[in-house]
Each structure stands twice: as structure tokens, then as C-alpha cells.
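Number of protein chains: 4
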Amino acid sequence: MSTLEALWTELADVKDELALRDWFPGTSGNLSIKVSDDPLNFLVTASGKDKRRRTNEDFLLVDAEGIAVDPTHLRASAETGLHAKVYQLTDAGCCLHVHTVDNNVISELYGDEGQITFRGQELIKAFNIWEEDGAITVPIIENYADLKTLAECFGTVIGPDTRAVLIRNHGITVWGRSGFEAKKHLEALEFLFSYHIKLKSLQKLHDGQPSLI
Amino acid sequence: MSTLEALWTELADVKDELALRDWFPGTSGNLSIKVSDDPLNFLVTASGKDKRRRTNEDFLLVDAEGIAVDPTHLRASAETGLHAKVYQLTDAGCCLHVHTVDNNVISELYGDEGQITFRGQELIKAFNIWEEDGAITVPIIENYADLKTLAECFGTVIGPDTRAVLIRNHGITVWGRSGFEAKKHLEALEFLFSYHIKLKSLQKLHDGQPSLI
Amino acid sequence: MSTLEALWTELADVKDELALRDWFPGTSGNLSIKVSDDPLNFLVTASGKDKRRRTNEDFLLVDAEGIAVDPTHLRASAETGLHAKVYQLTDAGCCLHVHTVDNNVISELYGDEGQITFRGQELIKAFNIWEEDGAITVPIIENYADLKTLAECFGTVIGPDTRAVLIRNHGITVWGRSGFEAKKHLEALEFLFSYHIKLKSLQKLHDGQPSLI
Amino acid sequence: MSTLEALWTELADVKDELALRDWFPGTSGNLSIKVSDDPLNFLVTASGKDKRRRTNEDFLLVDAEGIAVDPTHLRASAETGLHAKVYQLTDAGCCLHVHTVDNNVISELYGDEGQITFRGQELIKAFNIWEEDGAITVPIIENYADLKTLAECFGTVIGPDTRAVLIRNHGITVWGRSGFEAKKHLEALEFLFSYHIKLKSLQKLHDGQPSLI
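Residue numbers (the numbering used here), protein chains in the order written: chain A, 1 to 213; chain B, 1001 to 1213; chain C, 2001 to 2213; chain D, 3001 to 3213.
Just so you know, these hints were derived from the structure itself, not from any lab. Cβ coordinates follow ideal geometry from the N, Cα and C atoms, glycine included. Hints are supplied without guarantee of correctness; some may be wrong.
[Claimed, not checked] With a straight-line cut-off of 30 Å between C-alpha atoms, the simulated DSBU-like cross-links for lysine-lysine are:
id: 1; chain 1: B; residue 1: Lys1148; chain 2: C; residue 2: Lys2125
id: 2; chain 1: D; residue 1: Lys3200; chain 2: B; residue 2: Lys1200
id: 3; chain 1: C; residue 1: Lys2125; chain 2: C; residue 2: Lys2049
id: 4; chain 1: C; residue 1: Lys2148; chain 2: C; residue 2: Lys2049
id: 5; chain 1: A; residue 1: Lys200; chain 2: D; residue 2: Lys3200
id: 6; chain 1: B; residue 1: Lys1125; chain 2: B; residue 2: Lys1200
id: 7; chain 1: A; residue 1: Lys200; chain 2: C; residue 2: Lys2200
id: 8; chain 1: D; residue 1: Lys3148; chain 2: C; residue 2: Lys2200
id: 9; chain 1: A; residue 1: Lys148; chain 2: A; residue 2: Lys49
id: 10; chain 1: B; residue 1: Lys1049; chain 2: C; residue 2: Lys2125
id: 11; chain 1: D; residue 1: Lys3125; chain 2: C; residue 2: Lys2049
id: 12; chain 1: C; residue 1: Lys2200; chain 2: B; residue 2: Lys1200
id: 13; chain 1: A; residue 1: Lys49; chain 2: A; residue 2: Lys125
id: 14; chain 1: D; residue 1: Lys3125; chain 2: C; residue 2: Lys2148
id: 15; chain 1: D; residue 1: Lys3049; chain 2: A; residue 2: Lys125
id: 16; chain 1: B; residue 1: Lys1125; chain 2: A; residue 2: Lys148
id: 17; chain 1: B; residue 1: Lys1049; chain 2: B; residue 2: Lys1148
id: 18; chain 1: D; residue 1: Lys3125; chain 2: D; residue 2: Lys3200
id: 19; chain 1: D; residue 1: Lys3148; chain 2: D; residue 2: Lys3049
id: 20; chain 1: D; residue 1: Lys3148; chain 2: A; residue 2: Lys125
id: 21; chain 1: B; residue 1: Lys1125; chain 2: A; residue 2: Lys49
id: 22; chain 1: A; residue 1: Lys200; chain 2: B; residue 2: Lys1200
[To be verified] Heads up, incomplete: computed chain B residues facing chain A, CB under 7 Å, no partners named:
id: 23; residue: Thr1117
id: 24; residue: Gly1120
id: 25; residue: Glu1122
id: 26; residue: Ala1126
id: 27; residue: Glu1132
id: 28; residue: Asn1143
id: 29; residue: Tyr1144
id: 30; residue: Lys1184
id: 31; residue: Leu1202
Start from the sequences, fold in the hints, and give me the full structure.
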């Protein structure tokens, strides 16, 4: 199996697993995996597919501009530009964009504040953060309809410790050095989002309990 | 495989997928797919089946009046008239009716207002709406026990941009040009309903946050 | 396949489906199917099994007293007496007892009132109730530790229209003429419980909305 | 099949089942099964694995100090010390550590009180508690970053009736004499946690209802 085939399989396996969780509602979401750095080439989701099916037209190889490397009738996902940004600004090898009810709720609840920070949670170790008072911050940006404006704004919030960006009412984009690590980061964040929402809905009901997060 | 067989398989696949999500509680729900326009013929769910099983008696071919085209011992779903309305008034090729806890909760919460509108959500693109301030409105009608009255009322709320109708405490009816598109619309609406309910349950708990939707 | 084998298979299929939904937490729950009326014989769950496994020791044949008909090392479920009551007092052919978070929450919320009634819900048709203002009432009894007292109290609340009984913080017992009908009744009630809980958690947050159920 | 192979299979089966429920988010969680008492040897999860995959490198055999019994490139889970404590202080044969949203929410809501007690719930019988007013108490300890301090604190809260310990925002550790019993205890507790959270979120909305748990 060539490297390209191995990376295709790695990405398709991640897609299958996320699809099983229903994390691509209404054909939303897209995924990519880096194939080469110089020039930047990556496999990215073809547009408009049913992500519960596994076919040999699920991904196509594109360059840093999101242009298909080989002639194809497939159209790269409209959000390919966000994936390119991630590969240009970080050490990511794989990048996932999914919508869940909980990540969209968090993006709206904290959209005005522009970020959400988690600390004091064991799951933070999924980001290889081991300090006693370690914290993970996820920036939240507005959902600009113009995809070029969106990609630019997206790029400005990615710092050295950023592993994910929430777009307001437009899901999360998360990455890691491999498909395995990207999925680990995504699972940990979704857990933290769900935990936060559930705790928040209870905190005013628990007598004498101060704000919990 | 004949066209009829291909359409049967398309509908059966959609049914399997929705059944896996438990969207047919208590044998509720029904599905149809259009076979011909003139005269109108469509495959529709036979009444009272366990929708988790896949059998060759799951559907029957009916005409615009809901009458079986060929002699059969099968009884068409009691709500076949709603499906006929959809094919007569829209460009639908497939029509799905399902009950979920969340679509019923939305139908009751907004039943008096007669509709619910979503805007500012990326998932709206599932309806091929790309404008910056695009919106999708779902009418909500009362659940008349008389099925003829129900079908008439149902027909009156379907406009050129309507893709779905909620019946109060009686699930959602949603359509698309194909099984794939109908399912895409359904998934997107269920996502929006769940998102709305979860956000609503939190909004009064978030200091200084105005009404969010 | 003999009648007994056919009934065993029917019950095992229902068990598999409910187990997939995680409706037997901590090995709780039990199921039965009637084999003969005179004398009353029914297959009932053997005690303490992992209900996610399908084995040929999952059920045993017992009589009206819950005594094994044939010599066996298996022990009938401690709650076999409730199943016997159902067969003696109704036309049930199959009886299911399961714990879900939502049925236990409903049993506690309405335990003092001794019952919960649903009306104005399409899902009520799962109970073959078609009137415009039809209603389904589920009695709720206290969870007596003494199983004989529990069975007696259980018997006193079963009227001609009763299809299920909630025991306070001890799950639901529901029945139907066949495995298919018992499962249909169970699914419809679980849907109504979940709907009620979700709507209730929102109703005070919706301005100007009166009590909804 | 040797005893070691049988125990490996038992543990791998439990892992598969918990993984299907998504109870190992972000590669969190770990499991072990006792192989011998004198000296204490047990199979424990290798660090950092994707628990949805089943491989022959999922577990390794360690001693009471958590040191690998045979030469291996595998690293034992960082929390192996907690498993050793359980085997030293109880009659456990299998020990499970998982994160769920609900067990973490409970650990935070009741962290200051240092424990949570359930009574009046049928599911308590999963712990072989049959008295009418039986109760099960789960201690909650702080999540010390230093694993040695954590293990010591963990050991101090384990009494003769303890079957599980919650670590604040760090999941639950639960045990039983076998994999089957450990899983039964875990399922019962997760059910009780989910029930408690859902009931709590409703209790202030139910007129005239006193504090329910």
C-alpha cells in the first residue's frame, strides 16, 4: 500500500467512526489529511457526499490553494481553505470539521466572549497538558458568509497552543499530528462541551454552589 | 434492476438508516418515493410494520388517491394522503414522516405561533440556502383527528420555499427531490430542533445573555 | 420449529433489541412470553444473566406459581410473580419489565399522584386508541420490598384498559398480545415519557406559555 | 486456552462493550483484571491506545508495584497504582476506570461533600443490597495531580462496603469480583447518576414537590 493509500485509509476510518456518531448532520462537515509539506498537498472531502457511505470518491488531493492536483470531476469541500490554513500555521497532519449540537451551543453561548477555557478537568491531558493548573482555550470566531474573510479571521486566532477553533453556529475545526491525535482532541473537546452544558444547566439548582466553571 | 426496484431499494435504505436512529417509535412514521408523475404513482409504507425489519412487504405502489395500483393484501399507511399532497404541490421525489422527541417538543412549544424560523445557522445550507441572512421556516399545524381535514390543512401551508411541515405532537413531514435530499433535510432540521431546545434550556442561566434565537 | 421454539425465538429477539438500547442496566429487567393458558405456562428470564448475550439458558418455562415446569438448575427471575399476575388478569401474550432513566424519573415525579395520563399525542395510537380526545393512563405503585405485597398491589391497579404499570424507582412493566405489540407499547410509552420530561424542563422558560401537559 | 488467555479475553470483551458506549473519550480510561493474589499480578491497559480497537498489545501483566512482569515495550497506564490499591484493599477481581459526562458532573456537584449516597432505588440491588432501606455510598476525592498522593487518598476512602470511588472531574473507578460483576456495578452507578441529574434538573419545576433525593 502506498503512502497515499495508507493516508486515505486512515482518513476514511476516522470518517466512518465520526459518521457512526452522527457528527455529519445533513452532509455537513469535512475532513483532511496532509500528504506532503513542500509543496503542501492534502486529501480533503469531496463536496456534498453522504458521509455514512465509504466510496473511492470521498476525498480528492488538493494543493495549498485548494486546487485539485489531478484532473477530476470531484469538487473539493467549500471549506478547504480552512484546512489549508491549519496546515500552513500548525504542525497538523490531520484536520476535522464537525457539527454537534453541543459544540454549536457552546459557540453561541460564548460567541460574544470570543473563546471558552477549560481547566481542572482530567480530560485536558488528551492535549498533552500535564501541569496541575493546565488549561485549554478554544477561540470562537463569527461565521462570515464570505469564505475568504472567514479563512482570514480563522488564521488570526491560531496561536502556538491552539488545537481547535469554534465558528459561531458553524461547528468546530480541530487538528492533530495524525488522524488518531485529531480524533483524540475532538473527542476530548466534545466531552468537555457536553460536561459544561450539563453542569451549567444544574448549577443554579444546587443550593449554595458557586458558579462551577 | 428496474426503476421500480431501484426506487424500492433507495427507500428501504433510507428506512433502515432512520430505524437505526429509533425515529419510528411504536411503529409510527411512514415513508414514500415517487415512481411516476403522470399518473402520480408512489411507493408508500404498508401500515403497522416493524420498521426495524426489512421485508418485501414494507411498501406498496399507490396512486394519487392512495389506492393500491396492483391487487394486494397490504394496507397503505393511514397518512398516505399527506404524501400525495406533497407530490402534488412540490417537486418532491421522496417524503419522510417521523416522530422524534425533539420535533414533537418543538411542535408543542411553537404550535400556537403556527411556525418556527431558524436563521444564522450554518446547517441552513443543507436547504441550498446560501444568503448571509438566509432563513428556513417550518409551518406547524394542528393535529386534526380527521385525516381528510388534516390533509387539507397540510396542503394550505405548503408554499414555494416549504420543505417540511410539523404537525402538533404528531411528528414532522419532510421532503426532497431524492431519498438522499429528503434525508439531508430531515437531519438538518432535527439538528436545528435539538440545538434550539438545548440552547433555550440554558439561555436564562447565562448572565446578561439576551434571548438567543 | 415447535411452538415453544418459535416463542423462545420471539422473546429472544425482543430481548436483543431492548438490550441494544441499554434498557437492562446492571442486569436489571426481565421478560416473558405465554406458552399456554390452561394450565398457565410461560417462558421467563432466568435470574442474573447478562442480557446482551444470547444463550440457551436465558429463559425457563414456569407455571402460574412461578415454579419451573421441568427440572433445571436455572432460577426464575425474582419478579416472575408480576408476570403471572399480568397473564392472569389480562389478554397479554408477552410481558416486558425494563428500567430506563426516563421511566424511573416519571415514576418518582408522579409517584405521589399514583398515575400519569397522556392525551393529545399521536403516539397514543400505538395503543389502538383512535378517539380525538383519547388518553392513556399508567398507574404508579410504590416499590414494596416484599415481592408478594408488591405483586398484590400490582394486581389491584390493573383495569381493563391498563397496558402498563410503573413501580416507583423500579422501572415499568408493559404487555401486549404478542412480543411485537408489547414492544410497540413499550416504545410508545418511553417516547411519551421522554417527551414529557423534555417539555417540562422547558415550559417555565417559554414566555406566556401556560402549563403544557 | 490458559487462565491468562481466558482473563485477557474477559477483559477485552468488557473493554469492547464500554468502548461501544463511548466511555473512553479521548483515549481516557483504563481497565484491569487480577491474575494471581500471591504475588499480586494483574493485566492492565497499556497507555495511550485507541480503546475502540482490539489488539494483542492492549494489556500487559504487571505486579503490585505496577512493574511489567515480562520484558515489553508497552507502558502500563499511568493510573495502574489505583488498580493495585483496589486489589490490595478489596476482594476485587476486575477494576474499571471510565469517564462519562454524568459521572464527572456528579463528581463536581458533590465534590465538596466528599460523597454521594443513593437509597430507595431498585438498581441498588445490583450491589447485592436487598434491605428495604439499603443505600450505596460512593466517596468522591480531589483529583491530585501527583499520582502517588492520589493513590494514597484513594486508598483511605475504601471501606468494607465501598464498590467505587469518584475522582473529581476525573471519572469513576469501580470494581467487582469478576469482569461481569464490575460491569454490573458500573452500569448501575451510571444509571443512578443519570437518573439523579435528570430528576434534579426537573425538581424545582414540579409544584409542591420537595427535594427528591
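Each hint tested on the structure:
Between Lys1148 (chain B) and Lys2125 (chain C) the alpha-carbon distance is near 17 Å, which keeps this suggested pair within the 30 Å criterion. Of the supplied pair hints, the one linking Lys3200 (chain D) and Lys1200 (chain B) holds, its CA atoms being roughly 18 Å apart against a limit of 30 Å. Note on Lys2125 (chain C) and Lys2049 (chain C): the hinted pairing is violated, with a Cα-Cα distance of about 34 Å set against a maximum of 30 Å. With a CA separation close to 23 Å, the supplied pair Lys2148 (chain C) and Lys2049 (chain C) stays within the 30 Å bound.
For the suggested pair Lys200 (chain A) and Lys3200 (chain D), the alpha carbons sit about 13 Å apart, so the restraint of at most 30 Å is met. Distance hint between Lys1125 (chain B) and Lys1200 (chain B) is fulfilled; the C-alpha atoms sit about 22 Å from each other, no more than 30 Å. Using a Cα cut-off of 30 Å, the hinted pair Lys200 (chain A) and Lys2200 (chain C) holds, with the two alpha carbons roughly 18 Å apart. Between Lys3148 (chain D) and Lys2200 (chain C), the direct Cα distance comes to roughly 46 Å. Violation of the 30 Å bound is thereby established for this hinted pair.
A hinted pair counts as satisfied when its Cα atoms are at most 30 Å apart, and Lys148 (chain A) with Lys49 (chain A) qualifies at roughly 23 Å. Of the supplied pair hints, the one linking Lys1049 (chain B) and Lys2125 (chain C) holds, its CA atoms being roughly 14 Å apart against a limit of 30 Å. This hinted pair checks out: Lys3125 (chain D) and Lys2049 (chain C) have alpha carbons roughly 14 Å apart, not beyond 30 Å. Our distance criterion of 30 Å between C-alpha atoms is met by Lys2200 (chain C) and Lys1200 (chain B), whose separation comes to about 13 Å.
Restraint check: the Cα-Cα separation between Lys49 (chain A) and Lys125 (chain A) comes to about 34 Å, which exceeds 30 Å; the hinted pair is violated. For the hint pairing Lys3125 (chain D) with Lys2148 (chain C), the CA-to-CA distance comes to about 17 Å; that is within 30 Å, so the pair holds. Simply put, Lys3049 (chain D) and Lys125 (chain A) have alpha-carbon atoms about 14 Å apart, close enough for the 30 Å limit, and the pair holds. Between Lys1125 (chain B) and Lys148 (chain A), the direct Cα distance comes to roughly 17 Å. Compliance with the 30 Å bound is thereby established for this hinted pair.
Annotation: proposed proximity of Lys1049 (chain B) to Lys1148 (chain B) holds, straight-line Cα distance about 23 Å (limit 30 Å). Distance hint between Lys3125 (chain D) and Lys3200 (chain D) is fulfilled; the C-alpha atoms sit about 22 Å from each other, no more than 30 Å. Between Lys3148 (chain D) and Lys3049 (chain D) the CA atoms are separated by roughly 23 Å; this keeps the pair inside 30 Å, and the hint holds. Restraint check for Lys3148 (chain D) and Lys125 (chain A): the C-alpha separation of about 17 Å stays at or below 30 Å, so the hint holds.
Annotation: proposed proximity of Lys1125 (chain B) to Lys49 (chain A) holds, straight-line Cα distance about 14 Å (limit 30 Å). Note on Lys200 (chain A) and Lys1200 (chain B): the hinted pairing holds, with a Cα-Cα distance of about 13 Å set against a maximum of 30 Å. Contact between Thr1117 (chain B) and chain A, as hinted, is not supported at the beta carbon level, the nearest pair being about 15 Å apart and thus beyond 7 Å. The restraint placing Gly1120 (chain B) at the interface with chain A holds, with a minimum CB-CB distance near 6 Å, inside the 7 Å limit.
Interface restraint check for Glu1122 (chain B): the shortest CB-CB distance to chain A comes to about 4 Å, inside 7 Å, so the restraint holds. With a cut of 7 Å, the hint placing Ala1126 (chain B) at the interface with chain A holds, because the nearest CB-to-CB distance is about 4 Å. Because the smallest distance between the Cβ of Glu1132 (chain B) and any Cβ of chain A comes to about 4 Å, under 7 Å, the interface hint for this residue holds. For Asn1143 (chain B), the suggested interface contact is broken, since its CB lies about 26 Å from the closest CB of chain A, more than 7 Å.
Checking Tyr1144 (chain B) against chain A by beta carbon gives a least distance of about 30 Å; that is not within 7 Å, so the hint is violated. Contact between Lys1184 (chain B) and chain A, as hinted, is supported at the beta carbon level, the nearest pair being about 5 Å apart and thus within 7 Å. At its closest, the beta carbon of Leu1202 (chain B) sits 6 Å from a beta carbon of chain A; the interface hint therefore holds under the 7 Å criterion.
Checked against the numbered hints above, the structure breaks hints 3, 8, 13, 23, 28, 29 and satisfies the rest.
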